[in-house]
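2 protein chains.
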Amino acid sequence: MAKQAYSRRDLSFQLHEVLHVEDLSRFPYFQDHDRGSIDLVLDTAGQFADQLLKPLLTELDRQEPQLVDGTIRLHPGVKNIVRRFGEDGWINALFSYEEGGQQLPATVYNAAVFAMQATNYSGSVPPFLTLGAANLLRSFAKPELMAAFTPHMYAGRWQGTMALTEPDAGSSLSDITTSAEPTEEGYYRMRGQKIYISSGDHDACDNVVHLMLARIKGAPSGAKGISLFVVPRQRVAGGLPAENTQPQDLVSNDVVTAGIYHKLGCKGAPIAHLMIGGSDDCQGYLVGEPNQGLRYMFQMMNEARLAVGVSAAAIGTAAYYAALEYARARPQGRHIAARDVTKPQVPIIQHADVKRMLLFQKATMEGALGLLMQCSYYMDVARVGTGAEKERAELLLDLLMPIAKSYPAEMGVLSTGAAIQVHGGAGYTTDFPVEQFWRESRIHPIHEGTTGIQGLDLLGRKITQHGGRAVGLLLEEIQAAVAAAEGVPELRELAAQLTKTVGILQQTTMHLLGVAEQNHELFLADATLYLELAGLVAVAWQWLRQATVAQNALPAAHPDDQNFYHGKLMAARYFYEYELVRAPSLAKRLQSPNAVTVDMQEAWF
Amino acid sequence: MAKQAYSRRDLSFQLHEVLHVEDLSRFPYFQDHDRGSIDLVLDTAGQFADQLLKPLLTELDRQEPQLVDGTIRLHPGVKNIVRRFGEDGWINALFSYEEGGQQLPATVYNAAVFAMQATNYSGSVPPFLTLGAANLLRSFAKPELMAAFTPHMYAGRWQGTMALTEPDAGSSLSDITTSAEPTEEGYYRMRGQKIYISSGDHDACDNVVHLMLARIKGAPSGAKGISLFVVPRQRVAGGLPAENTQPQDLVSNDVVTAGIYHKLGCKGAPIAHLMIGGSDDCQGYLVGEPNQGLRYMFQMMNEARLAVGVSAAAIGTAAYYAALEYARARPQGRHIAARDVTKPQVPIIQHADVKRMLLFQKATMEGALGLLMQCSYYMDVARVGTGAEKERAELLLDLLMPIAKSYPAEMGVLSTGAAIQVHGGAGYTTDFPVEQFWRESRIHPIHEGTTGIQGLDLLGRKITQHGGRAVGLLLEEIQAAVAAAEGVPELRELAAQLTKTVGILQQTTMHLLGVAEQNHELFLADATLYLELAGLVAVAWQWLRQATVAQNALPAAHPDDQNFYHGKLMAARYFYEYELVRAPSLAKRLQSPNAVTVDMQEAWF
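From first to last, the protein sequence lines stand for chains A and X. Counted from 1, the first sequence has number 10 at position 10 by our numbering; the numbering is strictly sequential. Counted from 1, the second sequence has number 170 at position 170 by our numbering; the numbering is strictly sequential.
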């Protein structure tokens, strides 16, 4: 196992030096969070990660969950993680003091999550799902419903899930068929099946609370007829559970675990196939209004998608540090310009091609982290800000979200792959952690909306939404970063390259919007490539911000910090030289008149 | 498991319609191989794959080899594969009739291998290693040494290996320290250790024959002092084994299996850690002349690297057919221009983004296969041809080899990844074969020389070797393909794009050769990117050849074949539109004056 999984120094850099996250304390909701308290949160997260998550990184991968007598059995260490996560206040940390929370900015929280997930992603999945489910309840459920479930969830005793996917409804959620029949007792009688439900059942908790999409009998077809329900795995007799409900008070609610999926990675986090109401005895409670389920779910989508981005960047970062450690320790070969076989071999980190692979990882993952922290910051302002400031943050967040989800996800797979390559043959064995990171990374382009879905969201919806105002705001942000960089002589070249590439992106966007008027299918056919192009620009923007801070801080910095800032500047240069340079080729394809993928016929494959 | 792993139709297309492989019968060595006998070989390979390899695809992955009482225990089904492979004449098929072989062209053989490896890569690894080791023996060993070992190997009873890597000598083979001390009995006393030895020990054979690199005591340091030995795991008392040596005649030769590596994929093929001569009782026999070991090994390198390319393309092809099958069967969503939720969902193959992912796989893997068959053809001509024709084939083969190894390897990882993505969440589970293909694909950019090593080989050696003559020959070949395509109106655009991109590659090459005169480290720093650029051009050349054949055949073709040819033409267009279009960006980076990776310092990471 590698010694280091992430850089605490980089978290400080991103939060304090680039984003000045402590300035969020100007909002009353965040007023208690100064630099000292923020650093304490990050340090505490690091301790949690080291003590509880790190020891189980390999074990959770090797000892897969098993379905035994109808219940999924996890590695016994997971129970400790889940409980302590609740007890230490990590599940409700974002929420208000009245709810027992800490009113923590999402920016700080996501940095803490990043540290934990870099240390052991699959061990950290169950409690974060509880957070997502609890947040849905507190946002849309009636107070009595919220009071019945959230205290158990906050405490880490009851697991929360998002139960969306069905055998015939994955990317196409409008095809959900799980049904809900109203009863005179106030609950709904649920019936259906759900697949791929993360933490849908396991023995590290006392109960599972499913936030489930279903269709009330007689509801309209399609997305307009989907409602949100809370469906516990176990219920109490005669009504809702109470805060003092004990495990022995619970009885079956006819949610049966029909199977467990065995997976490529993330093996510590179980995925269940659930049969709901097979004995016609499953009780669910409506959350909010009927037929608003998809809308509610999508209102939480930004949080969920940002969380995927954070996870992906975290795993990629852990792989980078493992590769870095290996490259420093492994002697192999000699300098290309002085190959004297009588001299000792040099550590492979001295070879340019190995430095290239390491810089690729550093540039993509620290760039991704920058974008994720930026989006988290917008999320905080959108949440507690007012007026134009709030609206601006909301628009930017919505626009950037498909990128913040998919850039870390897609590049995370390539970045962990580069970490394997740095290891050579050793990286292909289970003696080193990078093959596990590679396997774990592969889920992120899939779940919470595949990369293809994100591309459609960006090009088909976000770009033109609100009369294109969000795009205008992003251009302002980028121009501000360019203007700051132009004041630094060393960065003028990067600033000019970004300005030029933004022009290419704008031209491509105009071209595609022209296509949209003629042929909607063709317009969206390469949306995934458009997303990739936009991702390059967004991360280049972040790197210009990071480089500007680093270059300005360099002269007066302590020698250790000078190394850190030099690393930032080189990674920024790498990103522009090796990654952003790909933009014109993408734009060329996106503006090509050849509709290859639309023209292709099924019979020709 | 997917029904289809490769396209028999495509093998016919590549061999007969594009390469006209039956024309090799003009050489006396190949005179017996007409179209009928070639097709019989391919069909027989398909039967072997279906009957012996296919049933074990999943099982070999799930039941990993284990080291028990000093011997690696394999799935019992492997023994049958290994034996039948020998008995059916697959190990010595390339060799002469006098050696019991079939004098088969490598082009035909590699197509047969492709079919087997697409069906079950890791199950096919052990016998192919035996072939490589046997070929080394027959090429360089004295007749009595060859006679002692190769009959057992050809019969599939004794496993062959290539024992190169040591703990401190992976990419840097010149640092090998395994020692060989001459004795008066004629053998050498071997001592050392070898790691990552594929099929280095297992119970599906009666003995293992290691072709081992070692250093004779007193030999010069570095590459000049490395010799090649044959070192059996078990020997017979008092000399060399004979053709009628039986398992009960064998005694230990002090080659001890110290460990087995557990791996990301290719789990059916065991990898051993071997201790040689720990009890000072390991006998080895010199192959050929002293200190020529690396030269011998490198003379077989083209075969070994081509074999990796074939394996990588085979796995990628199997993943493509699995994805295609899934995409045809899985209904999800509706046409983007007609989203009526009251209508049934459509198979995902009808979505442009899914067709894009499938075309990516088809274009990269069928393009790779074209290049591999082309190189196999050069290998055949180099082997049996004479004079200028032979020399031309040798030069082209040597030049293309780093590309033919690394293009399928690198794109195979991305292509199998795209196959997962087509499956969505299902692709991340072990219920579908694509996650296994993805894991198996990841070894190919590593073994037989990493992609980085291939880049150094291409740019640092092959481009300038023989006064750059090989490059000139390749340009002639490409120009011939362009000229043929220019005669077909539908392909003029592709021909023009290839001509233009070849110009970009040439300009980049000239630029880099200029850098070489100033700074050798900088010259080679981005050799991996140069390899990628050259790979795009080489595969685009192959696609132009395939497209020309397809377009010319289209008008008179049977309707089924029309679909096939349309598919070829669309895949060619896809390759130029989405892949070759990346060339200018790569060239831009390669010609940039910013030496980011050379300038980067270890302390800055």
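It cannot be assumed that every hint is accurate.
Since copy identity is lost for identical chains, a pair holds within one copy or between any two.
Only pairs whose alpha carbons sit at most 30 Å apart, straight line, appear in this in silico DSSO-like list of lysine-lysine [unchecked claim]: (1) K390 - K3; (2) K142 - K500; (3) K500 - K267; (4) K3 - K267; (5) K267 - K54; (6) K500 - K79; (7) K500 - K588; (8) K588 - K217; (9) K500 - K3; (10) K217 - K343; (11) K224 - K343; (12) K217 - K500; (13) K79 - K343; (14) K79 - K3; (15) K588 - K390; (16) K588 - K142; (17) K343 - K267; (18) K343 - K54; (19) K390 - K343; (20) K142 - K390; (21) K54 - K79; (22) K390 - K267; (23) K3 - K142.
Simulated from the structure, these hints should not be mistaken for laboratory data.
Now for the hints, and whether the structure bears them out:
For a Cα distance limit of 30 Å, the shortest separation of K390 from K3 qualifies neither inside one copy, at 41 Å, nor across copies, at 54 Å. For a Cα distance limit of 30 Å, the shortest separation of K142 from K500 qualifies neither inside one copy, at 51 Å, nor across copies, at 66 Å. Taking CA atoms no more than 30 Å apart as the test, K500 paired with K267 passes in neither setting, with 44 Å inside one copy and 48 Å between copies. In this homomeric assembly, K3 and K267 come within 30 Å of each other (Cα to Cα) both inside a single copy, at 22 Å, and across copies, at 28 Å.
With identical chains, the CA atoms of K267 and K54 are at most 30 Å apart both within one copy (15 Å) and between copies (27 Å). Taking CA atoms no more than 30 Å apart as the test, K500 paired with K79 passes in neither setting, with 52 Å inside one copy and 61 Å between copies. Within a single copy, K500 and K588 get their C-alpha atoms as close as 15 Å, and across copies as close as 15 Å, so both meet the 30 Å cut-off. When the C-alpha separation of K588 and K217 is checked against a cutoff of 30 Å, the pair qualifies neither within a copy, at 50 Å, nor between copies, at 60 Å.
Taking the closest pair of Cα atoms, K500 and K3 never come within 30 Å of each other, the shortest separation being 41 Å inside a single copy and 49 Å across copies. With identical chains, the CA atoms of K217 and K343 are at most 30 Å apart between copies only, with a shortest distance of 19 Å across copies and 79 Å within one. In this homomeric assembly, K224 and K343 come within 30 Å of each other (Cα to Cα) only across copies, at 15 Å, whereas the closest approach inside a single copy is 73 Å. Neither within a single protomer nor between protomers do K217 and K500 lie at most 30 Å apart by alpha-carbon distance, with minima of 55 Å and 62 Å respectively.
Taking identical chains as interchangeable, the C-alpha atoms of K79 and K343 are never at most 30 Å apart, the minima being 53 Å within one chain and 45 Å between chains. Within a single copy, K79 and K3 get their C-alpha atoms as close as 25 Å, which meets the 30 Å cut-off; across copies the closest is 42 Å, which misses it. Proximity of K588 and K390 under a CA criterion of 30 Å is satisfied in neither setting, with 36 Å inside one chain copy and 42 Å between copies. With identical chains, the CA atoms of K588 and K142 are never at most 30 Å apart, being 52 Å at best within one copy and 59 Å at best between copies.
Proximity of K343 to K267 under the C-alpha cut-off of 30 Å is found in neither arrangement, the shortest distances being 45 Å within a copy and 37 Å between copies. When the C-alpha separation of K343 and K54 is checked against a cutoff of 30 Å, the pair qualifies neither within a copy, at 39 Å, nor between copies, at 50 Å. In the homo-oligomer, the alpha carbons of K390 and K343 never lie at most 30 Å apart, since the shortest distance is 63 Å inside one protomer and 40 Å across protomers. Proximity of K142 to K390 under the C-alpha cut-off of 30 Å is restricted to the intra-copy arrangement: shortest distance 26 Å within a copy versus 83 Å between copies.
With identical chains, the CA atoms of K54 and K79 are at most 30 Å apart within one copy only, with a shortest distance of 15 Å there and 41 Å across copies. Taking the closest pair of Cα atoms, K390 and K267 never come within 30 Å of each other, the shortest separation being 40 Å inside a single copy and 54 Å across copies. Taking the shortest Cα distances, K3 and K142 never come within 30 Å of each other, neither inside one copy (47 Å) nor across copies (51 Å).
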